[in-house]
Amino acid sequence: MSNTLRVSAAGPAIPRVSRRPPWRLRLQGSDTAWAIAFLVPYVAIFVAFIAYPVAFGLWMGSNPALYRLLFSDPRYVITAINTLLFVAIGVNVKMFLAFLLSGFFMNRSWWARSLLVIYLLPWALPGLVVFTSIHFMLVTQWGLLDSLWRAITGSDGPLFMVSTPIAMTANIVAYIWKWLPFWTLIFIAARMSIPQDIYDAAEIDGASGYRRLIYVTFPLLANVYLVATLLSCVWTLGDFPTVYFVSSGAPARTTDVLATYGFHEAFDFGYPNLGVAAMMSALPLMIPLVILLMRRVRATGVQL
Amino acid sequence: MSVALTPGGVAYRPRSRRRRWLPRAAAVSLGVGLLIWTLLPVYNMLLMALDSDADEFTGSIYPPNPDFSSFASVWNEDYWLMQHFWRQFANSICLGLATMLLTMLIGSLASFALSRMRLRRGWIVTDFALLTYVLPTAFLAIPFVQIMHKYHLSDSLWSVVAAMVTFATPYAILILHQYARLIPTELDEAAKVDGASPWQVYLRIYLPLMAPALVAVGIYALLLSWNDYLYQYLLLSSTDHMTVAVAINQFFDSDEAPWNYMMAIAIIYSLPPIAIYFGLRRFMVAGLTAGGIKG
Chain A
1 MSNTLRVSAA
11 GPAIPRVSRR
21 PPWRLRLQGS
31 DTAWAIAFLV
41 PYVAIFVAFI
51 AYPVAFGLWM
61 GSNPALYRLL
71 FSDPRYVITA
81 INTLLFVAIG
91 VNVKMFLAFL
101 LSGFFMNRSW
111 WARSLLVIYL
121 LPWALPGLVV
131 FTSIHFMLVT
141 QWGLLDSLWR
151 AITGSDGPLF
161 MVSTPIAMTA
171 NIVAYIWKWL
181 PFWTLIFIAA
191 RMSIPQDIYD
201 AAEIDGASGY
211 RRLIYVTFPL
221 LANVYLVATL
231 LSCVWTLGDF
241 PTVYFVSSGA
251 PARTTDVLAT
261 YGFHEAFDFG
271 YPNLGVAAMM
281 SALPLMIPLV
291 ILLMRRVRAT
301 GVQL
Chain B
1 MSVALTPGGV
11 AYRPRSRRRR
21 WLPRAAAVSL
31 GVGLLIWTLL
41 PVYNMLLMAL
51 DSDADEFTGS
61 IYPPNPDFSS
71 FASVWNEDYW
81 LMQHFWRQFA
91 NSICLGLATM
101 LLTMLIGSLA
111 SFALSRMRLR
121 RGWIVTDFAL
131 LTYVLPTAFL
141 AIPFVQIMHK
151 YHLSDSLWSV
161 VAAMVTFATP
171 YAILILHQYA
181 RLIPTELDEA
191 AKVDGASPWQ
201 VYLRIYLPLM
211 APALVAVGIY
221 ALLLSWNDYL
231 YQYLLLSSTD
241 HMTVAVAINQ
251 FFDSDEAPWN
261 YMMAIAIIYS
271 LPPIAIYFGL
281 RRFMVAGLTA
291 GGIKG
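One line per chain: the protein sequences are A and B, in this order.
Mapping to my numbering: the first sequence position 105 is 105, numbers consecutive.
Mapping to my numbering: the second sequence position 5 is 5, numbers consecutive.
The shape of chain B in the complex, shown without the other chains (with noise of 0.2 angstroms):
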């Protein structure tokens, strides 16, 4: 959001001072209101986490007694629930990591061939992966499932990086293919000429100049395999194999209910994103609107 923006009517002056107050006191109670909106159902994680007492709400607005033991329950796994916390985090990060590295080198392989080598009927993979991409994944599920059985992946998350990896090349195919028409093809040509193969032209050229817009479908890809749950809960069942989202959702499943453990995991699993959200915004943001929605 790097746009700088002429704010609107600044030539402008108000008539009178009394006509300023009034849509500012509006603009700061709405801005109020937002905040509030936003951050109730985040502070009631926290106050669930904080809460000593695991069986119980505690029916109050603000954490009694906040502690931390719930947080170094989870550090020391020392629940039989979060046995494996670690080593299913472990597992989320593979996971997110392989399909972050997979999308990028297929999403940028398959646009390189339909943006720098004019393929003739390349618009034909443009159009499928745009059609993957409105598709809503939940749909393809039991499907899905019953496949990775066939193929005897199930309960190995590489069916999951599988499934993820497929669903976020379409959307990398179509920004990296915007992305491209950034750079001019003149670059391609003077390489071709100094007896650069198409490989070269890709890894030499291609891939470092592209640099912003893969960081932001690697960015895209992380997000999408750390925020699904519904393929690691279908395809993964052994406490070995799980991922953090599975793990979480373990809770409903058992008697005991100690949900100051449950948030307490929840809030750990949320840090990720939170961090890369606010280090790495821009490329975020970039990618939703270099190649997003515009009019």
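For reference, chain A alone in the conformation it holds in the complex (with noise of 0.2 angstroms):
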């Protein structure tokens, strides 16, 4: 992003500098003709796909009856609730454990290099064929999980769909194991970034195992770390895969999240109109943490 960053930067700057703005040193007549040219593909789609659609969206969500309709659905608060719960845990546990586990591959032996390959699998298999596996592991008495159980304790397990917590706990577990290792590879990167040349001072002053992780990593990886958090709040937000498949709202549509408690309303229900005004009820969440993550990368010219 830091490109973007200089370009949006240097636009106010190049006035002072000289009366000609460089870019009509470069970019002439037909020059520009090219790069608008080259630019209206995308444009294109923008504007088809996502400004029509983003446009079309806000209006169909914007009778307020909808969103008084809305707010007495008891559904709706649970779902709402539901919502934040995945993302507050899902999001800030899976990014500890992240960071945490970034370190622990940062060992470069034979084993934990195979190790590595092998545990970034989740980040390439298609989140629905996860997501079935996972519920299956969990329905009836004779799922996986539960014949783990009776093989270890000789009891019967507990029926993990028929208690919300313990579904809504599954969905926050299985979405963890599907994002833990992107967002674990995102912080190895990070960390490689850091120069040794750190380490070593660091070390001379004293500073080794937890203190180095505490007083030299993290401080390092802040930004990387408050930016990865925020973006992946956003994605989450809007999270539909894992609560469709692993609990897909069971018990009794308890464990629903906003995405899918809007796709129900639309498609199953016929009430688009509602399903967006439920999207729509994520936005006073979602704009301020979108603002604060531009701004983020602006000021300190993470990467994205």
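Source of the hints: derived by calculation from the structure; they are not laboratory data.
Glycine included, each C-beta is placed from N, C-alpha and C at the ideal position.
Errors might be hidden in some of the hints.
Which chain A residues face chain B? A few, computed with CB under 8 angstroms, are given here [unchecked claim]:
#: 1; residue: Y42
#: 2; residue: P53
#: 3; residue: M60
#: 4; residue: V77
#: 5; residue: N107
#: 6; residue: P126
#: 7; residue: V129
#: 8; residue: F240
From these two lone chains plus the hints, build me the complex, please.
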């Protein structure tokens, strides 16, 4: 992102440097036409498939009566709380574990490297497939987890999908399972960009072990950690496949999140406007997160 | 992940043998734990697919009489829910390839204009690309489906291609934009002096030099469409136009429950991404780390 930052930061500064902005030196007449021609395909799909749907969605969800209807639905209240829990617990636990595990994978011995290859597998597997598999590990008494429970303790295991807290926990754990590898990889890359000299200097000053983690590594990765957390929060607010496949709202639609709730309202019950309103109700949380994220990206030059 | 790393603290000898033994045991047990954690859902897929009895869970932690009959059934399409399996598999591949090629084309054109042609207000486009990249795709699904009806594109693979290209290009532009900074502009200028038009510079100089980043972007787009379920489910309805992702979920809606067939399809569907991951891991990781979040 720092490239964009540079361009946008250079914008106001240019007139002070010279009266003729440098772009004019390079880009004349036909070249501008070329540049615009190169941009046309992207701008066209942006207008047709992002700007128009967004405007259409805003129009669909613009009736205030929809929100009165929405907030009076007890299922919506449960859904909103679930979404907050899903994002707050899922993202934070995932990020913290990813941060710690990235340290573990800095060990470059052969077995750690081979383990990393297997460990990253969930990142490559389709969400649909793995979440369906996790769903079947949990449903009925004969799922793999119950079978393991029986094999180890000798007694029947719990029925995971009849308890709201357990089903919600299952969603969050499945979410962490799928996305932990990706963010671990991000932190590994960030850790690798820390020069070894800094660690050497810290070692001479007597910082080793956990002190090195707290006083050297973490401050250096703080920006990446914050940007990653914000980005992941925004994505997770709109997460659909995890809950749709793992608990599918069971028991009795008490574990829905906003995306699955909106999906059911729109396509199972036939109220697309209500579905859009449910998604839009995330905007008061999402807009500040996105603004904060864009500002952090600009201020720190963390690349996305 | 080709970065060679100097292992930390190599110069410092451990004070005693006992102190070295304990962390190593902890590391190994953590490693075994991670291995089980990662492979458990994968193992469950195999367990279910290898079970010859379709309707019942065995309640066992290993397949009692493993056989590959469910894979053979999928291969021969001899069950009504998977009558069109290979057709649907071809649809998934077409969708992936179309998304990949269009994303690479549109992304590279836009990134060329933005990074090499010093367009005055190019940052607006980059900022919108970033904004689109950040937004969760599920939030756009409902209006998107309505609009596709208006465009008369519902139940057409092209509508899904449009959605996937739309969501993949922002990332492509950001990554290519970043990678383009590594290529000296002197090359472009030399070509211009020789009388090359911007199109020729793009085709002969920009594209060949951007090849590694383009591969990363292509894989990203391919996997994005392969991993998507929501848009394919919402936009494709007839069995001929369906992709495998939609077909797998059909099993949940039917009265019978041949879960072993379903899991066999799921495993076959996972093979291409696994193959790409093992074969082209280097590019996937490079796409993340060259343009990825960096401190």
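Could you check the structure against the hints above and give me the numbers of any it violates, in ascending order? When the structure is compared with the hints, only number 4 turns out to be violated.
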